[in-house]
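Visitor: These protein sequence lines are chains A and B, in that order.
Each residue of the first sequence is one higher than the last, beginning at 1 in this note's numbering.
Each residue of the second sequence is one higher than the last, beginning at 316 in this note's numbering.
Honestly, the hints are just simulated from the structure, not real lab data.
Certain hints may be false.
Stated by the list, open to error - Here are some, though not all, of the chain B residues that point toward chain A, as calculated from beta-carbon distances under 8 Å: (1) A432; (2) M502; (3) T531; (4) M578.
Cβ coordinates follow ideal geometry from the N, Cα and C atoms, glycine included.
Protein chains: 2
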Amino acid sequence: MITSTQDRGKQRLYIQEVSVRDGFQMEPIFIPTDRKVEFINGLSRTGVAKIEVTSFTSPKAIPALADAEAVMCRIERAPGVEYAALVPNLRGCERALSCGVDEINLVMSASESHNMANLRMTPMQSLDQFAQIVKLVDGQARLNASLSTTFGCPFDGDIPLPHVLDTVARFVDIGVDGITLCDTTGMANPAQVARVCEAVKERWPAMAFTAHFHNTRGMGLANALAAVQSGIDRFDASLGGLGGCPFAPGASGNVCTEDMVHMFNAMGYDTGVDLDALLALAGELPQIVQHDIPGQVVKAGPSTRRYPVPAGKVA
Amino acid sequence: MITSTQDRGKQRLYIQEVSVRDGFQMEPIFIPTDRKVEFINGLSRTGVAKIEVTSFTSPKAIPALADAEAVMCRIERAPGVEYAALVPNLRGCERALSCGVDEINLVMSASESHNMANLRMTPMQSLDQFAQIVKLVDGQARLNASLSTTFGCPFDGDIPLPHVLDTVARFVDIGVDGITLCDTTGMANPAQVARVCEAVKERWPAMAFTAHFHNTRGMGLANALAAVQSGIDRFDASLGGLGGCPFAPGASGNVCTEDMVHMFNAMGYDTGVDLDALLALAGELPQIVQHDIPGQVVKAGPSTRRYPVPAGKVA
Numbered sequence: 001m002i003t004s005t006q007d008r009g010k011q012r013l014y015i016q017e018v019s020v021r022d023g024f025q026m027e028p029i030f031i032p033t034d035r036k037v038e039f040i041n042g043l044s045r046t047g048v049a050k051i052e053v054t055s056f057t058s059p060k061a062i063p064a065l066a067d068a069e070a071v072m073c074r075i076e077r078a079p080g081v082e083y084a085a086l087v088p089n090l091r092g093c094e095r096a097l098s099c100g101v102d103e104i105n106l107v108m109s110a111s112e113s114h115n116m117a118n119l120r121m122t123p124m125q126s127l128d129q130f131a132q133i134v135k136l137v138d139g140q141a142r143l144n145a146s147l148s149t150t151f152g153c154p155f156d157g158d159i160p161l162p163h164v165l166d167t168v169a170r171f172v173d174i175g176v177d178g179i180t181l182c183d184t185t186g187m188a189n190p191a192q193v194a195r196v197c198e199a200v201k202e203r204w205p206a207m208a209f210t211a212h213f214h215n216t217r218g219m220g221l222a223n224a225l226a227a228v229q230s231g232i233d234r235f236d237a238s239l240g241g242l243g244g245c246p247f248a249p250g251a252s253g254n255v256c257t258e259d260m261v262h263m264f265n266a267m268g269y270d271t272g273v274d275l276d277a278l279l280a281l282a283g284e285l286p287q288i289v290q291h292d293i294p295g296q297v298v299k300a301g302p303s304t305r306r307y308p309v310p311a312g313k314v315a
Numbered sequence: 316m317i318t319s320t321q322d323r324g325k326q327r328l329y330i331q332e333v334s335v336r337d338g339f340q341m342e343p344i345f346i347p348t349d350r351k352v353e354f355i356n357g358l359s360r361t362g363v364a365k366i367e368v369t370s371f372t373s374p375k376a377i378p379a380l381a382d383a384e385a386v387m388c389r390i391e392r393a394p395g396v397e398y399a400a401l402v403p404n405l406r407g408c409e410r411a412l413s414c415g416v417d418e419i420n421l422v423m424s425a426s427e428s429h430n431m432a433n434l435r436m437t438p439m440q441s442l443d444q445f446a447q448i449v450k451l452v453d454g455q456a457r458l459n460a461s462l463s464t465t466f467g468c469p470f471d472g473d474i475p476l477p478h479v480l481d482t483v484a485r486f487v488d489i490g491v492d493g494i495t496l497c498d499t500t501g502m503a504n505p506a507q508v509a510r511v512c513e514a515v516k517e518r519w520p521a522m523a524f525t526a527h528f529h530n531t532r533g534m535g536l537a538n539a540l541a542a543v544q545s546g547i548d549r550f551d552a553s554l555g556g557l558g559g560c561p562f563a564p565g566a567s568g569n570v571c572t573e574d575m576v577h578m579f580n581a582m583g584y585d586t587g588v589d590l591d592a593l594l595a596l597a598g599e600l601p602q603i604v605q606h607d608i609p610g611q612v613v614k615a616g617p618s619t620r621r622y623p624v625p626a627g628k629v630a
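Turn these sequences into a full structure, and let the hints steer you where they fit.
Guide: Okay, structure coming up:
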């Protein structure tokens with residue numbers, strides 16, 4: 001049951017922007033560093049709580065983000081916004097720390113096959129590396145652990161809930177500050193999201209959990225609704241819905257930031273985000289990435305938009 | 316809170332297909348009658364509960380549906396499927412009855428401006444006409460009343476809940492068998508859907524309410540989730556997401572049938588619909604309407620699809 005938001009104070013939700021990392025890394029063109037910096041500076045002015053700025057990965061693996069240091073060091077940091085970076089290994093961690101990131105985002109998969117394919121390690125090796133990185137960071141930055149394929153793996157299929165809980169428990173033991181549950185290829189459904197999110201919130205009520213959904217099968221906002229109903233208040237999203245899915249050409253990518261903010265704002269939540277500023281920035285994206293974007297509100301306008309009564313018949 | 320569906324019998328949901336009316340009427344090309352009949356016969360084999368076959372409106376107003384009689388009379392009717400038609404006035408009602416439709420769908424808007432623009436009548440005049448049509452039909456067909464702009468009007472804005480309830484009460488008094496709450500231009504949000512649906516279900520628990528959502532602003536499935544949580548079990552949807560919005564060129568149309576069925580099936584509901592059959596039929600749509608369709612699952616495949624582990628790195 002959805003609780004009406006009219007008779008209580010607005011609940012705060014935290015919107016975390018991932019387009020410049022999760023989105024840009026999929027783009028076939030290299031977006032010039034200046035353009036990235038300008039775009040991220042624009043994002044900083046929209047009211048998002050966090051920006052995942054880049055990934056300190058091998059430039060050979062992801063050429064689109066080869067300018068990680070330059071981008072991280074040249075952006076203007078706005079007060080109240082956290083600037084995070086994805087870090088795949090110890091070397092990446094050193095690079096990220098040298099740029100003074102606010103948060104380091106570690107990643108591993110809930111499924112063995114996806115972890116091997118993505119990171120060339122077993123999940124156990126990933127956990128060992130996480131522990132080493134926590135030691136290396138030693139309080140110089142916040143630490144977040146992202147669990148890919150939490151809601152299903154395109155190779156291995158279903159991920160049993162006890163396995164998700166066991167892995168989350170390992171993250172907690174290692175001492176991370178936040179945990180992201182990722183629906184990496186858009187396999188989650190709202191009933192499953194409710195089961196998983198309720199289970200982790202019940203066991204670790206004080207942990208900062210983030211939900212990271214993809215709209216691959218059109219369920220992104222429905223899953224976000226199920227997550228917020230289950231007590232999740234942090235959401236990754238990607239401006240314009242940038243992101244895509246490596247296994248489904250033409251499929252939608254990450255859940256779209258402006259569509260998510262539009263929904264949550266309309267529902268009466270306090271996202272802290274200026275939708276108009278977000279829409280203005282989303283409008284620049286087709287020129288930046290040189291293709292159309294899947295976001296809907298940028299095309300249709302917000303639901304508060306009014307039209308003059310037409311002279312002719314409407315359908 | 317979402318109730319887990321694992322520990323109870325599957326709840327039945329009824330999927331009502333509107334692509335051949337709400338979708339085809341927006342298409343700039345005339346789809347040949349034979350192709351419509353073939354397509355509707357295909358829909359009849361997917362397990363949908365109802366098909367809104369056509370609209371008995373003026374061929375001048377909607378040339379795309381000028382073949383209403385031919386289509387309605389030539390389709391093969393499958394047992395267990397209801398065949399409905401939209402009827403804008405008494406003349407249309409006579410035409411529909413002459414074809415032996417199972418259900419007549421009446422339509423009016425919750426907002427004055429939209430009713431005037433769409434039907435050239437005041438809402439009061441529409442209600443009077445509904446009453447005349449109920450008399451004319453006199454049990455020869457089921458009667459459904461659709462309330463356009465229930466969740467907001469592109470001209471008038473918000474529709475107060477008491478006004479929605481008053482109009483629904485008039486429908487009930489007139490003696491209709493079912494009532495559809497239409498989010499005509501995709502303005503609804505899930506909190507509002509919950510408020511409206513809970514209110515009507517509480518006041519008229521035995522009435523067959525249908526939720527009719529558009530995905531104009533990406534919230535179609537989130538709204539469907541909110542509606543099912545609020546006790547709604549009948550959903551209009553359009554194969555491929557066909558439909559569109561006359562006020563927002565490029566915006567998505569009706570909520571997509573195969574994406575909705577995919578979500579509800581994955582959640583453990585019993586839609587009665589064969590998703591594979593639906594996807595096969597959706598795959599024919601781009602050729603029929605001669606453009607791409609917004610449906611996601613037809614591009615990405617169902618979430619149960621498995622992929623071989625790739626040789627290279629995955630994102």
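Visitor: All the hints need checking, so say for each whether the structure fits it.
Guide: Structure-based check of all given hints:
{"no.": "1", "hint": "A432", "verdict": "holds, 5 Å"}
{"no.": "2", "hint": "M502", "verdict": "holds, 4 Å"}
{"no.": "3", "hint": "T531", "verdict": "holds, 5 Å"}
{"no.": "4", "hint": "M578", "verdict": "holds, 5 Å"}
Every hint from the earlier list agrees with this structure, and none is contradicted.
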